[in-house]
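4 protein chains.
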Amino acid sequence: MNLENKYPGKDISVDDIINKFPLAAKKHENHKTKFNIAGVEFGGETIPIFAGPNMVESQELILDVAKNVKERGAHFLRGGAFKPLTFPYRSAKYNETREQGLQWLADAKREIGIPIITEVMEERYIDAVAEVSDILQIGTRNMQNFPFLTACAKTGKPIMLKRHYGASLRDWLGAAEYILIEGNEKLILCERGVSVPHTHRATSRFLMDLQVIPAAQEISHLPIVVDPSHATFWRPWVAPMALAGIASGADGVMLEVHPDPQNAAVDPLQPIDYEEFGDLMNRMDSVAKASYKRKVL
Amino acid sequence: MNLENKYPGKDISVDDIINKFPLAAKKHENHKTKFNIAGVEFGGETIPIFAGPNMVESQELILDVAKNVKERGAHFLRGGAFKPLTFPYRSAKYNETREQGLQWLADAKREIGIPIITEVMEERYIDAVAEVSDILQIGTRNMQNFPFLTACAKTGKPIMLKRHYGASLRDWLGAAEYILIEGNEKLILCERGVSVPHTHRATSRFLMDLQVIPAAQEISHLPIVVDPSHATFWRPWVAPMALAGIASGADGVMLEVHPDPQNAAVDPLQPIDYEEFGDLMNRMDSVAKASYKRKVL
Amino acid sequence: MNLENKYPGKDISVDDIINKFPLAAKKHENHKTKFNIAGVEFGGETIPIFAGPNMVESQELILDVAKNVKERGAHFLRGGAFKPLTFPYRSAKYNETREQGLQWLADAKREIGIPIITEVMEERYIDAVAEVSDILQIGTRNMQNFPFLTACAKTGKPIMLKRHYGASLRDWLGAAEYILIEGNEKLILCERGVSVPHTHRATSRFLMDLQVIPAAQEISHLPIVVDPSHATFWRPWVAPMALAGIASGADGVMLEVHPDPQNAAVDPLQPIDYEEFGDLMNRMDSVAKASYKRKVL
Amino acid sequence: MNLENKYPGKDISVDDIINKFPLAAKKHENHKTKFNIAGVEFGGETIPIFAGPNMVESQELILDVAKNVKERGAHFLRGGAFKPLTFPYRSAKYNETREQGLQWLADAKREIGIPIITEVMEERYIDAVAEVSDILQIGTRNMQNFPFLTACAKTGKPIMLKRHYGASLRDWLGAAEYILIEGNEKLILCERGVSVPHTHRATSRFLMDLQVIPAAQEISHLPIVVDPSHATFWRPWVAPMALAGIASGADGVMLEVHPDPQNAAVDPLQPIDYEEFGDLMNRMDSVAKASYKRKVL
Numbered sequence: 139m140n141l142e143n144k145y146p147g148k149d150i151s152v153d154d155i156i157n158k159f160p161l162a163a164k165k166h167e168n169h170k171t172k173f174n175i176a177g178v179e180f181g182g183e184t185i186p187i188f189a190g191p192n193m194v195e196s197q198e199l200i201l202d203v204a205k206n207v208k209e210r211g212a213h214f215l216r217g218g219a220f221k222p223l224t225f226p227y228r229s230a231k232y233n234e235t236r237e238q239g240l241q242w243l244a245d246a247k248r249e250i251g252i253p254i255i256t257e258v259m260e261e262r263y264i265d266a267v268a269e270v271s272d273i274l275q276i277g278t279r280n281m282q283n284f285p286f287l288t289a290c291a292k293t294g295k296p297i298m299l300k301r302h303y304g305a306s307l308r309d310w311l312g313a314a315e316y317i318l319i320e321g322n323e324k325l326i327l328c329e330r331g332v333s334v335p336h337t338h339r340a341t342s343r344f345l346m347d348l349q350v351i352p353a354a355q356e357i358s359h360l361p362i363v364v365d366p367s368h369a370t371f372w373r374p375w376v377a378p379m380a381l382a383g384i385a386s387g388a389d390g391v392m393l394e395v396h397p398d399p400q401n402a403a404v405d406p407l408q409p410i411d412y413e414e415f416g417d418l419m420n421r422m423d424s425v426a427k428a429s430y431k432r433k434v435l
Numbered sequence: 139m140n141l142e143n144k145y146p147g148k149d150i151s152v153d154d155i156i157n158k159f160p161l162a163a164k165k166h167e168n169h170k171t172k173f174n175i176a177g178v179e180f181g182g183e184t185i186p187i188f189a190g191p192n193m194v195e196s197q198e199l200i201l202d203v204a205k206n207v208k209e210r211g212a213h214f215l216r217g218g219a220f221k222p223l224t225f226p227y228r229s230a231k232y233n234e235t236r237e238q239g240l241q242w243l244a245d246a247k248r249e250i251g252i253p254i255i256t257e258v259m260e261e262r263y264i265d266a267v268a269e270v271s272d273i274l275q276i277g278t279r280n281m282q283n284f285p286f287l288t289a290c291a292k293t294g295k296p297i298m299l300k301r302h303y304g305a306s307l308r309d310w311l312g313a314a315e316y317i318l319i320e321g322n323e324k325l326i327l328c329e330r331g332v333s334v335p336h337t338h339r340a341t342s343r344f345l346m347d348l349q350v351i352p353a354a355q356e357i358s359h360l361p362i363v364v365d366p367s368h369a370t371f372w373r374p375w376v377a378p379m380a381l382a383g384i385a386s387g388a389d390g391v392m393l394e395v396h397p398d399p400q401n402a403a404v405d406p407l408q409p410i411d412y413e414e415f416g417d418l419m420n421r422m423d424s425v426a427k428a429s430y431k432r433k434v435l
Numbered sequence: 139m140n141l142e143n144k145y146p147g148k149d150i151s152v153d154d155i156i157n158k159f160p161l162a163a164k165k166h167e168n169h170k171t172k173f174n175i176a177g178v179e180f181g182g183e184t185i186p187i188f189a190g191p192n193m194v195e196s197q198e199l200i201l202d203v204a205k206n207v208k209e210r211g212a213h214f215l216r217g218g219a220f221k222p223l224t225f226p227y228r229s230a231k232y233n234e235t236r237e238q239g240l241q242w243l244a245d246a247k248r249e250i251g252i253p254i255i256t257e258v259m260e261e262r263y264i265d266a267v268a269e270v271s272d273i274l275q276i277g278t279r280n281m282q283n284f285p286f287l288t289a290c291a292k293t294g295k296p297i298m299l300k301r302h303y304g305a306s307l308r309d310w311l312g313a314a315e316y317i318l319i320e321g322n323e324k325l326i327l328c329e330r331g332v333s334v335p336h337t338h339r340a341t342s343r344f345l346m347d348l349q350v351i352p353a354a355q356e357i358s359h360l361p362i363v364v365d366p367s368h369a370t371f372w373r374p375w376v377a378p379m380a381l382a383g384i385a386s387g388a389d390g391v392m393l394e395v396h397p398d399p400q401n402a403a404v405d406p407l408q409p410i411d412y413e414e415f416g417d418l419m420n421r422m423d424s425v426a427k428a429s430y431k432r433k434v435l
Numbered sequence: 139m140n141l142e143n144k145y146p147g148k149d150i151s152v153d154d155i156i157n158k159f160p161l162a163a164k165k166h167e168n169h170k171t172k173f174n175i176a177g178v179e180f181g182g183e184t185i186p187i188f189a190g191p192n193m194v195e196s197q198e199l200i201l202d203v204a205k206n207v208k209e210r211g212a213h214f215l216r217g218g219a220f221k222p223l224t225f226p227y228r229s230a231k232y233n234e235t236r237e238q239g240l241q242w243l244a245d246a247k248r249e250i251g252i253p254i255i256t257e258v259m260e261e262r263y264i265d266a267v268a269e270v271s272d273i274l275q276i277g278t279r280n281m282q283n284f285p286f287l288t289a290c291a292k293t294g295k296p297i298m299l300k301r302h303y304g305a306s307l308r309d310w311l312g313a314a315e316y317i318l319i320e321g322n323e324k325l326i327l328c329e330r331g332v333s334v335p336h337t338h339r340a341t342s343r344f345l346m347d348l349q350v351i352p353a354a355q356e357i358s359h360l361p362i363v364v365d366p367s368h369a370t371f372w373r374p375w376v377a378p379m380a381l382a383g384i385a386s387g388a389d390g391v392m393l394e395v396h397p398d399p400q401n402a403a404v405d406p407l408q409p410i411d412y413e414e415f416g417d418l419m420n421r422m423d424s425v426a427k428a429s430y431k432r433k434v435l
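Just so you know, the protein sequences line up as chains A, B, C and D, in that order.
Start counting the first sequence at 139; every next residue gets the next number (our numbering).
Start counting the second sequence at 139; every next residue gets the next number (our numbering).
Start counting the third sequence at 139; every next residue gets the next number (our numbering).
Start counting the fourth sequence at 139; every next residue gets the next number (our numbering).
Bear in mind the hints are in silico, worked out from the structure with no lab data behind them.
Misleading hints may appear alongside valid ones.
Each pair may be met inside one copy or between any two copies, as identical chains are not told apart.
As the list claims (entries may be wrong) - Straight-line distance between alpha carbons at most 20 Å, and here's what the computed SDA-like set of lysine to any residue pairs gives:
{"id": "1", "residue 1": "LYS165", "residue 2": "GLU320"}
{"id": "2", "residue 1": "LYS431", "residue 2": "GLU413"}
{"id": "3", "residue 1": "LYS433", "residue 2": "ASP423"}
{"id": "4", "residue 1": "LYS427", "residue 2": "ASP417"}
{"id": "5", "residue 1": "LYS208", "residue 2": "SER196"}
{"id": "6", "residue 1": "LYS164", "residue 2": "ARG373"}
{"id": "7", "residue 1": "LYS433", "residue 2": "ARG421"}
{"id": "8", "residue 1": "LYS158", "residue 2": "LYS324"}
{"id": "9", "residue 1": "LYS292", "residue 2": "GLU260"}
{"id": "10", "residue 1": "LYS292", "residue 2": "TYR227"}
{"id": "11", "residue 1": "LYS170", "residue 2": "ASN157"}
{"id": "12", "residue 1": "LYS427", "residue 2": "GLY416"}
{"id": "13", "residue 1": "LYS164", "residue 2": "TYR227"}
{"id": "14", "residue 1": "LYS431", "residue 2": "ARG421"}
Please construct the entire structure, taking both the sequences and the accompanying hints into account.
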């Protein structure tokens, strides 16, 4: 047997093949990766929560959200300075704040003392995002952009890899492997909804696949997070699906939180407000204790 | 506007149309149906659990299971005396016990004191099943067998209507309406897994759709149950998906329980044993309290 | 090995199991069933076309359509006297014509001299439909209504079994087996669109699965028909998908034809008119010759 | 209204928005783009055929295939020098021939006189591929890699954009827009199979979506090609689905052709051999004439 990986210069022996690869696979039944990012443990007892607006709309907004979600127990501030679009057009309101937005995230991180997760969409912005963000978030459309995965992995920064909405678990773990093979072991998977025949609402394009949580954990040691805001696209379903995510064994939850959801710059049907977030944090914490002796707060 | 329903003799006025139909729809935001079956409340604080073997294999088995699941808090004994098959062939081992099985269920009910839910598959057996079973279970393949739904509804017995694995929520509620229009109001919906592009295992044919729980509860007042054993077809995923069902707001859980899973007559990959069932009952109870101030035990 | 089929009294030997079952399966590579219904050969050189309105709206309509589709080469007149509905409500316009409609079909058959295919939905109407219709059409929702399949099969009438929109090929052939095992060998399969993640229009609920044509023909000897009108639900797509059906190897095509499509009682977006039908017949005939040396006219 | 596109410096006026955008959309009912690539017209009377091996395995192979498919009427030689993989591992046999393979394609082009289409997977190889290939093929995994689409578009070379197997038509046209907005108008769409609940064989992962052909042509003026080899992954289904592609209105067909299919370096279940290709060319030509008065030869 004679395997070599895609990038020359990496030798793989037969022993490696038998004992080590694929890197995403569990090596024994209770194999589960734990690591620490900005003082927050992943894969451990506490289930980290990422909370914040879809878009980094303004400095005021991002500071206010950072303060409020931190007070309610969030472990990471999320928010997009870059935002992919199906068509290459966007309104002024919907415009990305880019480097400006990254600066506001950096300010919030420093002033409020909360680590950051934000999406990186293009190779030319990796350094700028990596400077501010504690985790590089790779979006659904880039899941199979292998050179981009490699470039992100080479920064050494922790990475969260969202599942493509049309990808199988095998496709997803294959993409993860492109990151792991670069020696970057701080890798988090994130389920964010898949395309299926029925999603139950005209405004809801995806179905949150919770069966993939035990399925992934059965064969992979990587922590896996759920994103019920994007998956449901509908505020009333966010809390039940967040709780269900915890109860299915998820290792983290990403939530859209906005002080004034109906006036959010994008996707105003899906964010929850501070009060609902605070309430949900308590319920997720209780469910984590009840189901897996883990916790959120 | 001039509507009339399918079955002559039922007059529907314009006021009815505006105020009453469809019968499955909520009439106000907190509208939720509660009813009592064999002393067990549905749609209320306690979340009923149906537990038992896939098939009523023998009198010994069914008595033993009845005793053991009741001791651990199950509200209903489940078990099939009739079992639909994709092809019209079955092995001796897989054979239905039919009237004999119904008798064993009746014996277990009387001796152990636990109500019964079992599937009815054909019109000619409705009376026999209705005599023993406290709830008539209608399977996925019969969801759109409208004359059969009507015949079951006319018995006046409580009914659990499983979703077809290819049906939308609208298809499902349309089928429910065929039952409700007969004046039979003790109707329970049951999600049992749907056909989607990816199910993560060769042995797993369906994905449990938990997003349908908040979706159905948003528009319908009917209680909705989940069946993680059939949905996952894989024992290790049953507990996480049962817990996730509770956390997504389900009003009941159906579980396959067998004293010796690997020797179950059918589908030996999916039942849990008594010990796992007892443990799961405690965890579901804790999750119910944590998420919705409901309970299982 | 000890198999017995669902209905007692039929003995199946080991030799049978090896050589004969499943009945729907090809026994050798070029195995293809041919049979004759009302003078029309199925599975042979000529590809039969079923044409007519969705509903048997009136005697005038059905006579006019019968005359016009026959003149243009249709082999069977189609039209529904019974029509299943998702919800048990229908408008007066949408109402079924039932026994009256069957009588009109019988009149058209006699006056115009064209055989009939129409749907039978309930066991209590089997005899009435069988008296008029040359082929019993079983709809998507009844595909897995096994006692109904058996009852239809026992009439000895030819049967067309539509695929459930959520059914796999295996599910479908399993259902076919319930008919074949009754000794009824004049069985036609019909693909009518399946539920998938993307169907490309808000008004289009299904995707026509043409890959199932070679897939079914690879393992089964049964003739297989396509129904592009129901599958696409959109007139402009009917002709390309009908032609594609022929080119993928289909053994028949079912089409909705109405003299005044936009005023059709139901589904007015999908029928084609006489002129388009006549043109399509010529094109289908040419494609049949070009692709498989078969013909339509 | 104040729109600006993603890349600064491009002004879009309200008149543009009304009359011009999206660029992929038809501007009038019979709007269809025609253009010429290497002397072959797209969107016109003749339907171009791309034929060749999955991988550019060796110089001998590629020359032999080029000669043989040209003799039988192919318009373009296809073959991959680069090949994406789900996991970052590949066997020696499966290895990409890369720059060497591009050189062999260039040799075949010059010696046999047939234009080339080959996949480009990474930005760093765009120039090398563009030097040899008459059309840049963008694969399913890169469909939403927007910076890569932009970089390919900026070369000015004709592009064929394969649909992601989980993408809607809207997603696909959105991706096309990223190319068109760069002023690159020689753009071809390619359907290559989508993920659906049922694909009928364990070896077949995708369903060829032919309904998307009339659906795309209804709203877009871009030519659209089908790839039945990748879609079916199974040789016996390639011919019927290629013919069905032509009959559904496709503007081109991509086929895997190999002199010795079962010994192809990759995916040996799907290529057809020279003889089957020659026969299929004739049948596609006849079907094109029969269905749309177009031709292949």
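Here is how each hint holds up against the structure:
no.	hint	result
1	LYS165 / GLU320	within (19 Å within a copy, 48 Å between copies)
2	LYS431 / GLU413	between (25 Å within a copy, 19 Å between copies)
3	LYS433 / ASP423	both (5 Å within a copy, 17 Å between copies)
4	LYS427 / ASP417	both (16 Å within a copy, 15 Å between copies)
5	LYS208 / SER196	within (18 Å within a copy, 58 Å between copies)
6	LYS164 / ARG373	between (35 Å within a copy, 19 Å between copies)
7	LYS433 / ARG421	both (10 Å within a copy, 15 Å between copies)
8	LYS158 / LYS324	within (17 Å within a copy, 46 Å between copies)
9	LYS292 / GLU260	both (14 Å within a copy, 17 Å between copies)
10	LYS292 / TYR227	between (31 Å within a copy, 18 Å between copies)
11	LYS170 / ASN157	within (16 Å within a copy, 51 Å between copies)
12	LYS427 / GLY416	both (17 Å within a copy, 18 Å between copies)
13	LYS164 / TYR227	between (43 Å within a copy, 18 Å between copies)
14	LYS431 / ARG421	both (14 Å within a copy, 10 Å between copies)
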